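Novice: Given next are the chains, with one letter for each unit.
Number of protein chains: 2
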Amino acid sequence: MFEIAELGQTLSKEEFQKQEPELRVALLDLQTRLKATQRSVLIIISGVDGAGKGETVNLLHAWLDPRFLQAVAFDKPSDEEQSRPEYWRYWRKLPPRGRIGIFFGSWYTMPIVDRALKRKKKNAFARAMQRVNATERMLADDGTLIVKLWFHLSKEVQRRRLKRLEKDPETRWRVTGQDWENFKRYDRFREVSAEAVQATNTPEAPWVIVEGADPNWRSIFVVKHLVGQLTTLLEDAERSARPKPVPMPLPKKRPVTILDKLDLSLKAGKNVKEELAHWGAELNTVFRRAKRERFSTALVFEGMDAAGKGGAIRRITAALDARDYRIIPIAAPSSEERAQQYLWRFWRHMPPDGKIAIFDRSWYGRLLVERVEGFAMGPEWRRAPAEINAFEEQLTADGVILIKYWLHIDAAEQLRRFKDREATPYKRFKITEEDWRNRERLPQYMVAVNEMVEKTSTQFAPWTLVEANDKAYARIKVLRTMAERLRGAL
Amino acid sequence: MFEIAELGQTLSKEEFQKQEPELRVALLDLQTRLKATQRSVLIIISGVDGAGKGETVNLLHAWLDPRFLQAVAFDKPSDEEQSRPEYWRYWRKLPPRGRIGIFFGSWYTMPIVDRALKRKKKNAFARAMQRVNATERMLADDGTLIVKLWFHLSKEVQRRRLKRLEKDPETRWRVTGQDWENFKRYDRFREVSAEAVQATNTPEAPWVIVEGADPNWRSIFVVKHLVGQLTTLLEDAERSARPKPVPMPLPKKRPVTILDKLDLSLKAGKNVKEELAHWGAELNTVFRRAKRERFSTALVFEGMDAAGKGGAIRRITAALDARDYRIIPIAAPSSEERAQQYLWRFWRHMPPDGKIAIFDRSWYGRLLVERVEGFAMGPEWRRAPAEINAFEEQLTADGVILIKYWLHIDAAEQLRRFKDREATPYKRFKITEEDWRNRERLPQYMVAVNEMVEKTSTQFAPWTLVEANDKAYARIKVLRTMAERLRGAL
Chain A
1 MFEIAELGQT
11 LSKEEFQKQE
21 PELRVALLDL
31 QTRLKATQRS
41 VLIIISGVDG
51 AGKGETVNLL
61 HAWLDPRFLQ
71 AVAFDKPSDE
81 EQSRPEYWRY
91 WRKLPPRGRI
101 GIFFGSWYTM
111 PIVDRALKRK
121 KKNAFARAMQ
131 RVNATERMLA
141 DDGTLIVKLW
151 FHLSKEVQRR
161 RLKRLEKDPE
171 TRWRVTGQDW
181 ENFKRYDRFR
191 EVSAEAVQAT
201 NTPEAPWVIV
211 EGADPNWRSI
221 FVVKHLVGQL
231 TTLLEDAERS
241 ARPKPVPMPL
251 PKKRPVTILD
261 KLDLSLKAGK
271 NVKEELAHWG
281 AELNTVFRRA
291 KRERFSTALV
301 FEGMDAAGKG
311 GAIRRITAAL
321 DARDYRIIPI
331 AAPSSEERAQ
341 QYLWRFWRHM
351 PPDGKIAIFD
361 RSWYGRLLVE
371 RVEGFAMGPE
381 WRRAPAEINA
391 FEEQLTADGV
401 ILIKYWLHID
411 AAEQLRRFKD
421 REATPYKRFK
431 ITEEDWRNRE
441 RLPQYMVAVN
451 EMVEKTSTQF
461 APWTLVEAND
471 KAYARIKVLR
481 TMAERLRGAL
Chain B
491 MFEIAELGQT
501 LSKEEFQKQE
511 PELRVALLDL
521 QTRLKATQRS
531 VLIIISGVDG
541 AGKGETVNLL
551 HAWLDPRFLQ
561 AVAFDKPSDE
571 EQSRPEYWRY
581 WRKLPPRGRI
591 GIFFGSWYTM
601 PIVDRALKRK
611 KKNAFARAMQ
621 RVNATERMLA
631 DDGTLIVKLW
641 FHLSKEVQRR
651 RLKRLEKDPE
661 TRWRVTGQDW
671 ENFKRYDRFR
681 EVSAEAVQAT
691 NTPEAPWVIV
701 EGADPNWRSI
711 FVVKHLVGQL
721 TTLLEDAERS
731 ARPKPVPMPL
741 PKKRPVTILD
751 KLDLSLKAGK
761 NVKEELAHWG
771 AELNTVFRRA
781 KRERFSTALV
791 FEGMDAAGKG
801 GAIRRITAAL
811 DARDYRIIPI
821 AAPSSEERAQ
831 QYLWRFWRHM
841 PPDGKIAIFD
851 RSWYGRLLVE
861 RVEGFAMGPE
871 WRRAPAEINA
881 FEEQLTADGV
891 ILIKYWLHID
901 AAEQLRRFKD
911 REATPYKRFK
921 ITEEDWRNRE
931 RLPQYMVAVN
941 EMVEKTSTQF
951 APWTLVEAND
961 KAYARIKVLR
971 TMAERLRGAL
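Heads up: the sequence lines are chains A and B, in that order.
Read left to right, the first sequence gives residues 1 to 490 (the numbering used here).
Read left to right, the second sequence gives residues 491 to 980 (the numbering used here).
Keep in mind that the hints are not guaranteed to be accurate.
If you want the footprint, here are the derived chain A segments under chain B, 3+ residues with CB under 8 Å [said to hold, decoys possible]:
(1) 22-35
(2) 231-244
(3) 287-298
(4) 303-314
(5) 409-420
Treat the hints as calculated values from the structure; they're not laboratory data.
Keep in mind the model is a prediction, meaning the values are calculated, not measured.
The beta carbon of each residue, even a glycine, is placed where N, CA and C say it ideally should be.
When you get a sec, could you build the whole thing from the sequences and use the hints?
Specialist: Following this line, the structure appears as C-alpha cells:
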C-alpha cells in the first residue's frame, strides 16, 4: 500500500517556482468561490512523523486566505471533551458551509495508536473504523468534501531525517525520545496504518498517500490534488440548485400504523398523586446513583401536538435538582446550526458525565416535520434512519443512556385540547396557526411516525410509545419507564 | 445590612397555597411575553449555605416553563475555562435575548471566598468588585434585567439547620465537614459578604436580601420580587421600539485628526526581503518563549479599506505554526451572536494559554462602521469606549497580550488600490459596492477613528498606528512592533 510513496520522487526548486504562482491563484479563486456555496471542505492530515504534515498545514495557510481556513490540532482531550462521547470534540470543530477546515490529528489517531500498542483488540479496532466510515459518510452526504492525506516516509528515510535533525543545533529540540521510541515501532505502525487506510478508503472519502520525503514534490502534489478536488466540488455545487420543498402527499387510504395498536383508553388508577410521588422519588434515587457512576442521560420527547410533552417533562424535572438537567427546546435552527450537518445542533448539547439533557423535540424532526413538509428532500430523509441509528449507537456505546418517548393522542382528543387551549386565556399562546396546519396533515404524520418507529427502534435505543389520552396515565408511565431504564443501565 | 433578613418572618401553608396559583400564572405569562422581546433576564443566586438557594432554583424551574430557563451552576472551572481570562466562563453561559438565565454561584463566589480566607487583599477585592460592576453595567445597558438575590440566615438559625439535617438519616449526607468548617467562619464570611453586597449594590443591578429561614415566606418573597421586576421590564420593552438607523452626518469642515500627523511617505528601505525575514524570525523566537510561559495573545487589525490588513496578517502567520493561531474574520454577526451583548461574540474567541487570536476587524466596529452607518444608536456608541476599556483591562489583567493596529492609507492611495483591484481578475472579489459606499463617508470615518484612538488608547492596550501607503513598510512595522510588544510583555 505505502510502496507507491517510496519511489523517491522529487521536484527541483526551479520547477516548484514555475508551478507555484498558477497554483496559488487557482487555490485562492476556488476558496473564494467555495464561500458562495453550501459546501464545506474537511482536510484530514495523517501519517508518519517527519513526513511534512505540519509543514503542509503551514503551506496551506500561506497559499490560501488564512482568514477563511480553520486548522484544529487534536491533542489530548480537554476535560470538557473527556466527559462527553468520543466524537463530541470533532463535531464541535467541523468547518461550517463555505469554509475549509483542517483536522490535524483526528478520529484516526487514537485507534491507530491504541492498536499499534496492542491496547485495542482487532474487533474493537474494526468497530472504530466503522465509526469513522459512518461519520465521514454522513458528512460527505451532507455536501462536505473530505480530503484525506496520508503522509508517508520509508523507514530508511525516516531514520536519516531524525539523525539529520539531531545533528543541527537549530533543530535538535524537535527530536524527542518519544520520536525514537516511535521509530522502533515503525513496522508495527506501518502495518496498523495500512489496515486503517484500507478499512476507510471509501468512495466518498478516499485516502491519498503522499510521498513525504521531498518538500517540493510533496507540496505541489498536495496542492494539485486539492485544486482538482475543489474544482470538481464547485462544478457540482454551482450546477445544482436546491429544489423547492414538496410536501408529502396524502396517503391514498387511511394508513394502518403501529399507533393504532395503542390502547388510548388506558387511564391512571385512583391514586394518581401517590403514584406520581412514588415514581418521582424512585427516579430521584436511581438518578443519584447514575450520577455517582458518571452516566449521562439523553431524553428525547416527540409526540403529537398537544400530547402533553411539556407536562411530562415538568414531572421529570420536578423530581430532579435543576443543576443536574438541561432542557433543550428544538425550534428553528440558528444560522450557525444551519451551516452544519443537521445532527451538529444536537451533538453540541450532549450532556457531560452525570448530567441529563432533555430534548423537547429532537433530531427526529428530520423524519417528521421535515419529511412531511418537504423541507428535507427525498434522499435526505431516506438516509436519515441509518444516520440516526449510527449516531445513537455511538452515544450509547460511549455510555449515554438514551431514552426516547413518543406521546400519542387520537385526533378527537387533540381537537378537544386545541379548543380548550383557545378558550383559556393563559393557554392561548400555546396554540398557533401551525398546529392547525399540522393537524390537516395527520394522515401523513401517521405514516411518517410509523416508519420512524419501525426504522429507529433499536436494541440500544428503543422507542417507548406512551398512550397519552389520559394525562395522568402518560406522566406516570414516563416517570416509571425512565426510572426503570436508568436502573436497567446501572 | 443583613439584619433585615433576621426578623423571623414566616408564612403559613394556607397563605402560601392561597397566593401560589395567581403568582404561577403571572410568572408564566411574563416569561411568555419576554420571549417576544430583545431583553434577557439574569438571576444571580448567592448567599449563605442552607438558606434555600438550591430549593429556590428548583422552585423557579417548577413555576416557570423550564424549557426556556437555563440554570448554570458554576463550580470549579474546567480546564478550557482555566486557560482563559476569568470571565470567559460567565460570558459563554449568559442567557440570550428573550430568555431567563440563573447563575448559581457566579463572579461573586471566588472573590468573597478568597477575601474571607484572606487569600485576597483589600485592594484586590475592591478591584474584583469593580470588575463585577463594570460587567453588570454593560449587561444592564444592553437591556438585561439583573436580579440579584442574597439568601441569608442568622448564625443561630444556620447552626440549628445543620444540626437538624445531621439528625435525620435521610438528609445526613447533605452535611459535610466543609459545612461545619464554613460555619466556624460565619462571622468572617458575613463581614466580607456585607462588603461585597455594599460595593455592588448599584442602581442597575441592586441586591435583594432574602430571609432564608422559612421556605414559604422565602419562596413567595422571591417570586413576588421577580414578578415585579419582570413587569417593569416588559412595560418598558413593549413600549420602546428601536429607531431607524441614522448615519453620521458629514462634518461641516474637513476634520483635523491624529491621522493627519502620520507621515504616509514613509517607505521601506532597500533590504525589504532581509528585513521581513529578520523580523519574522524574531517574532517566531519571541512567540515560542511566550508560548512556553503560557501567555495568550490577541491581535486586533483595523484600518482603512484596502489598507493591507490581509497582507499584514499573512506576514505574521507565515512566521508562525498554523496550530498556534486562529484568525477570526469579523463580518455580520450570526443569529446567536445578535442575541447577546455585542462583546459576547469576541469573548467566545478569546484564545487559551499559549495561543494567538488574530481579529480581522473587531469590537471596534462599534465605534467605526456601526457609529458611522447609525447601526449603533447614540447611547450605544457613546458608552462603547468605557465598555471596551473595561473589557480590555480585564483581558490584559488576566494575562492576555493585546496588540491593536490601525493601518492607514490616504484617500488617493485608496483610490489607486480600488482601481487596481477592479482591474485584476483574481483581486476583483475583494472590492464591493460597500467599499465605494464607505469611501463616500471618509470624512465621517476620520472623525470616528480619531475619537476611537483618543478614547481607547490606554496604557494596557495602546493603539499602534501604521503608515501603510507603502505596503512593505507597513508589514515590517507590524512584524517589528508585534515582536517588540511580545518581548516587552515577557
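Novice: Work down the list of hints and note, for each, if the structure agrees.
Specialist: Checked hints:
1. 22-35: holds (count 4)
2. 231-244: violated (count 0)
3. 287-298: Answer violated; 0 residues pass the 8 Å Cβ test.
4. 303-314: holds (count 3)
5. 409-420: violated (count 0)
Violated hints, in rising order: 2, 3 and 5; the structure is consistent with all others.
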